[in-house]
Structures are given as structure tokens and as C-alpha cells.
Amino acid sequence: MAEAASIAKALDLLAQGKGPVEPVWTTTHDTLANRRSMRRSKRGISLNVIPMIDVTFFLLVFFVCANKTLDREELLRTDLSQRGVAMVSPTSLALDEPPLRIELFRKDNQTVIKVLAPMTQPNSFDQLTDIFQSKLYSHENPHGLFPSDHPIELAPNQDVPWNDAVAAFNGLVRAGYQQIHFAGPQ
Amino acid sequence: MRSMLTRGPAKVEAVITPLIDIAMLLVVFFALVSQIGISDFVKLNLPKPSPTAAVPARNEPRIVINAIANNDGDVTTWRFSGENFTANSTGIQSLSNAVTAAIRANPAAEVHLRADANVKYSFISPVLDQVGKAAATAIPEHVVKLRLAVQPEHRGG
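From first to last, the protein sequence lines stand for chains A and B. Mapping to the numbering used here: the first sequence position 62 is 337, numbers consecutive. Mapping to the numbering used here: the second sequence position 100 is 126, numbers consecutive.
Among these hints, one or two may not hold up.
With a straight-line Cα cutoff of 20 Å, these simulated EDC-like cross-link-like pairs (lysine to aspartate or glutamate) come out [to be verified]: (1) A:K389 <-> A:E415; (2) B:K171 <-> B:E86; (3) A:K389 <-> A:E428; (4) B:K171 <-> B:D66; (5) B:K69 <-> A:E348; (6) B:K74 <-> A:D424; (7) B:K69 <-> B:D98; (8) B:K171 <-> A:D424; (9) A:K389 <-> A:D434; (10) B:K69 <-> B:E109; (11) A:K382 <-> A:D401; (12) B:K171 <-> B:E136; (13) B:K171 <-> A:E348; (14) B:K171 <-> B:D155; (15) A:K389 <-> A:E378; (16) B:K74 <-> B:E179; (17) B:K159 <-> B:E136; (18) A:K382 <-> A:E348; (19) B:K74 <-> A:E348; (20) A:K382 <-> B:D98; (21) B:K159 <-> A:E428; (22) B:K74 <-> A:D401; (23) A:K389 <-> A:D401; (24) B:K69 <-> B:D100; (25) B:K74 <-> B:E109; (26) B:K171 <-> A:E428; (27) B:K69 <-> B:D155.
If you are wondering where the hints come from, they were derived from the structure by calculation, not from laboratory data.
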């Protein structure tokens, strides 16, 4: 009944010259399905990349931070030639200066510093820095005994913790000496 | 001019595909770099001299030797380039051979020594000795740039 009415309406419109009209043979249900499928084809397949970018950038920030954390330690610089040989290679005319030897050993669970030279013996690593700084020859300190490139041999005893050996080395570097090396195995 | 006017306002679109490509490449790069870092940098309680004369590590080629110790300060294992060496004369000799090969491959590399603060010097000394000899074997008259790893002062722990 409804279809007959719609056909009559379409014929009226055509007679008035107001076409084109929707095909009259399609049902209402068919028309809706067609419209839906057309809309779908216009939309196409879309990929939502925003969460992917978010995750990517999170990963990027994480790895950059992790990388920075790993590199955060610091370094004390020294040169290591064959052990027991001073760092400076003297010219044939220069005298081969014997290194100044500093021994570290353990006594009453503490590390003791012993400088094998006639000078005040330091009681701590800070004192070691102060004493050696006062002995450093420079324009400001012409009464100093040792130039900055004077070889110094650091000889920690077997049971001295690495922390104290490094502290002594650090103290001498702070005092301004450049040729410090560790003594060979005793 | 007319064509521009008839075309209407230009559409502005962000092309994000190259951005994602670059971001992904960076992720892969940092993932790989951090993997290398993890094999080189064992978590250790490094010495912490204060005030320190140490300088921050630079991006120079490096050979990292790690001393892994127990609570008594005895080194149990030496780790170098992701490989473990036992802390006996055979292990140290193998370590020396590996370091020789590494120095020969990269003579400009710095040797970073990372050891726990409580490690006894008796364990460090033979390795320093062997590294010096390894360098001399790799390249005669070669002076190794030895770097002692320490904790920065500002870091806790």
C-alpha cells in the first residue's frame, strides 16, 4: 500500500518536471543500507597513531634518561706505562729523577700515610694535599721543592682498600702533581 | 593569482610519518646503546674522594674493566666487554690477553678501571700490572690512558 503511494507520488513529480527522484522500486530498508555503506566507503580505513607516538616518545625519554644515568660517574686521569717506569721520558741530557715514594698501610683498621722523604708526615688525605701543595714549585711558590711533573710513586699495601688508594691519588692530583703512578706488586 | 583565489584557502596538514620514523630510530639507537652500557657498567659502590679532582667522563672510546667483589673486599670476578674472568692468575692472564686485543684494535681508547671502594689493593695491583704489560705488548712504547672511576661528590650513597 505504501509502495503504491510512493509510486504515485513519483509519477506526479515527474509530470511536474521535478525529477530525478529516488528509485521507486527500492524499499526504505534498502535505501538506508545503501546510505550506510556509502558513508563507510567515504570514511575509509583510518589508523589512530596518536597513542603510538605517545608510547614512542615515552620510550625515547626513558632511554635518554637511562643513558644519562649510566654516564654520570667521574674519572681520575693517569697514564699507565710499564710499571715501575716514571711517566716522563727524559732526554739523554736530563737526569732521571727518582720518584718520590708514598706508602699506604693499615694500622688499627685505619690507613696510615708514610712519605719516604724528610718532610712532615700527613695524618689524613687532606693534610697530604696541603703538605704537597706547599712543596710544589711554581712562580707563586719559588721555595717549593718539586715541580708539578715530578714523578710520585704511590705504593698502597696489599690490604689497603681501593677507596683509600684512590683518596691518596686524588689528594696528590688536587695538590697539582701530574706524574703519579701506582707501584707494582710488592 | 586568480587560480589561487579560486582554489580557496590552502589546507595545512601535519605529516607525522617522518616524525614517527625518526622517533622509532632514536628509540632503537638508545635501546642498543643502553644495552652496551649495561654490559660495560656493572653496578658498584665506587670510591668517593672528597673534594674530588675527578672530571666527568667524555665521549671517548673506552675499555671498561670492572672488579666485582664480595663483602670482604675480595675480587671474585673481573668483567671486561661483557665477559667474566675469574680472579686468579689464569683469569687475569686471559683478561690481559683480551685487553691486549682491545688496545690493538683501538689504540686511542682509554682504560676505565671500575672497582668497589672496599676492594683490597692486592687484587687491583696485578691487574694494573697486566694492563701496562698488555699495552706494551699491543703497541710498543704505548702509554695507556688509565682512568679511575669514582662517584661524583653530589651523588648520594
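Structure-based check of each hint:
1. As the CA atoms of A:K389 and A:E415 are separated by approximately 27 Å, the hinted pair breaks the 20 Å bound.
2. This hinted pair checks out: B:K171 and B:E86 have alpha carbons roughly 11 Å apart, not beyond 20 Å.
3. The hinted pair formed by A:K389 and A:E428 meets the criterion: a straight-line CA distance of about 12 Å does not exceed 20 Å.
4. With a C-alpha separation of about 18 Å, the suggested pairing of B:K171 with B:D66 holds against the 20 Å cut-off.
5. At roughly 11 Å between alpha-carbon atoms, B:K69 and A:E348 fall within 20 Å of each other, so this suggested pair holds.
6. Pair hint B:K74 plus A:D424 does not hold up; C-alpha atoms about 25 Å apart against a cutoff of 20 Å.
7. Restraint check for B:K69 and B:D98: satisfied, since their Cα atoms lie roughly 17 Å apart, inside the 20 Å limit.
8. The straight-line distance between the Cα atoms of B:K171 and A:D424 is roughly 17 Å, inside the 20 Å bound, and the hint therefore holds.
9. Between the alpha carbons of A:K389 and A:D434 the distance comes to roughly 15 Å, so the proposed pair stays at or under 20 Å and holds.
10. Annotation: proposed proximity of B:K69 to B:E109 holds, straight-line Cα distance about 15 Å (limit 20 Å).
11. The straight-line distance between the Cα atoms of A:K382 and A:D401 is roughly 19 Å, inside the 20 Å bound, and the hint therefore holds.
12. Pair hint B:K171 plus B:E136 holds up; C-alpha atoms about 5 Å apart against a cutoff of 20 Å.
13. Between B:K171 and A:E348 the CA atoms are separated by roughly 17 Å; this keeps the pair inside 20 Å, and the hint holds.
14. Using a Cα cut-off of 20 Å, the hinted pair B:K171 and B:D155 holds, with the two alpha carbons roughly 14 Å apart.
15. The straight-line distance between the Cα atoms of A:K389 and A:E378 is roughly 5 Å, inside the 20 Å bound, and the hint therefore holds.
16. Our distance criterion of 20 Å between C-alpha atoms is met by B:K74 and B:E179, whose separation comes to about 7 Å.
17. Annotation: proposed proximity of B:K159 to B:E136 holds, straight-line Cα distance about 15 Å (limit 20 Å).
18. With a C-alpha separation of about 31 Å, the suggested pairing of A:K382 with A:E348 is violated against the 20 Å cut-off.
19. For the hint pairing B:K74 with A:E348, the CA-to-CA distance comes to about 10 Å; that is within 20 Å, so the pair holds.
20. The suggested pairing of A:K382 with B:D98 holds, with an alpha-carbon distance near 17 Å, which does not exceed 20 Å.
21. For a cut-off of 20 Å, the pair hint linking B:K159 to A:E428 stands: about 18 Å separates their Cα positions.
22. For a cut-off of 20 Å, the pair hint linking B:K74 to A:D401 stands: about 14 Å separates their Cα positions.
23. With a C-alpha separation of about 14 Å, the suggested pair A:K389 and A:D401 falls inside the 20 Å cut-off, and the hint holds.
24. Restraint check for B:K69 and B:D100: satisfied, since their Cα atoms lie roughly 16 Å apart, inside the 20 Å limit.
25. Annotation: proposed proximity of B:K74 to B:E109 is violated, straight-line Cα distance about 26 Å (limit 20 Å).
26. The hinted pair formed by B:K171 and A:E428 meets the criterion: a straight-line CA distance of about 17 Å does not exceed 20 Å.
27. Taken as a hint, the B:K69 and B:D155 pair is broken in the structure, with Cα atoms around 24 Å apart against an allowance of 20 Å.
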